[in-house]
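Just need the whole structure built from these sequences, with the hints factored in.
Protein chains in written order, with our numbering: chain A, 309 to 439; chain B, 2 to 135.
Mixed in with the good hints, there may be bad ones.
[Claimed, not checked] Far from chain A, by Cβ distances over 12 Å, these chain B residues were calculated:
(1) T4
(2) T9
(3) D69
[Said to hold, decoys possible] Quick list of the computed label-pair ranges, beta carbon to beta carbon:
(4) R120/B - D348/A: 46 to 56 Å
(5) S35/B - K416/A: 24 to 34 Å
(6) V414/A - R27/B: 27 to 37 Å
(7) R120/B - E406/A: 25 to 35 Å
(8) E335/A - D95/B: 17 to 27 Å
(9) R332/A - I89/B: 25 to 35 Å
Just so you know, these hints were derived from the structure itself, not from any lab.
Positions of the beta carbon are idealized from the N, C-alpha and C atoms, including for glycine.
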Amino acid sequence: MERIPILKMGPFLLVTIQVDMHDRLAETLQRDLSDRVVKDCSRGVLIDISSLEVVDSFIGRMLARIASISRILDAETVVVGMQPAVAITLVELGMSLEGVKTALDVEKGMQILQRSLGIETGGDEDAHPAE
Amino acid sequence: MLTRRSETLNIALEEDIVRVRQNTRRLAIECGFSLVDQTKMVTAASELARNTFVFGGGGTATLEVLQDGGRTGLRLTFEDRGPGIADIEQAMSDGYTSGQGLGLGLGGSKRLVNEFSIRSKVGEGTTVVITRWK
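Following this line, the structure appears as C-alpha cells:
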C-alpha cells in the first residue's frame, strides 16, 4: 500500500508530503503519525507541505486533526512551508487552520519544536558552554 | 461564447478526484491564470469532485476552456445522479455537514470562483457549474 514516509529525528518526527495525496492516503498518514508518536515517544511532529500546490478542506482538516491528536498524545505539531497561493486560497475557502502551529520553513519549524522542549538552538551553544 | 476545448472525466474512484485536480491545473495554466487563480480553481475543483464522489455516489466532471470576446475562462461542470440535495441553502452554508465532515465544500467553492450555479433534485441528482475568468 502507498504510504508517506515518516522520518525520526531524535525526539521529533518529520514528514515531507511530496505527492498530490488522495483522501485515503491522507487518512493513512494521520493514522501512521498517531501510531508513531506513541511508539517512538515523540515530542514533536514537523510536516513540510512546501511541495503541495493545493490544500483543500479535506487536507486542511487532516492537518488540524493531526495537530489535535498529537497534542493529546503530548507532542507538538508544526506545519511548515505553505505556499502563499495555498494560504490565500485556504483563507478564502474558510479554513484558518486554528490550533495548528505554522512556520515558514523546516529550520524555523524545528526551532519551534526545540524551544517547546526547552532545547537551546543554533550558535548559542558555542557562546554559552555548559556550566 | 465559444468552447475552445472540452474534456469529460469520470469520477468513480477516490483517485479520480486527484485526476480532476491535475487536469484542472493543466487547463488553468493553458488559460493563462495567475498562480493564485490556478490554485483557487484547482481547490474548488477538488471540493466539488469530492462532493460528487462522496455524496453523489460518483458522476462526471466536464472541463471546458471558454472564449468570450477577448476573455478566456475555465468552466467546470460536476454532475451526479445521486440522492440530490433537499435544502440547497443549508448545504451552501459554512459549517454545514452531512456526516462526512465536509462542511466547506459548496460555500467555500463558491467564494473561489467568479460564477457558481447549482441545480439539484431529490432522487435525481445534482449539477454544479463553476466558472473563473482570466
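Evaluation of the provided hints:
{"no.": "1", "hint": "T4", "result": "holds (25 Å)"}
{"no.": "2", "hint": "T9", "result": "holds (20 Å)"}
{"no.": "3", "hint": "D69", "result": "holds (24 Å)"}
{"no.": "4", "hint": "R120/B - D348/A: 46 to 56 Å", "result": "holds (51 Å)"}
{"no.": "5", "hint": "S35/B - K416/A: 24 to 34 Å", "result": "holds (27 Å)"}
{"no.": "6", "hint": "V414/A - R27/B: 27 to 37 Å", "result": "holds (29 Å)"}
{"no.": "7", "hint": "R120/B - E406/A: 25 to 35 Å", "result": "holds (34 Å)"}
{"no.": "8", "hint": "E335/A - D95/B: 17 to 27 Å", "result": "holds (23 Å)"}
{"no.": "9", "hint": "R332/A - I89/B: 25 to 35 Å", "result": "holds (29 Å)"}
Hint compliance for this structure: every hint is met.
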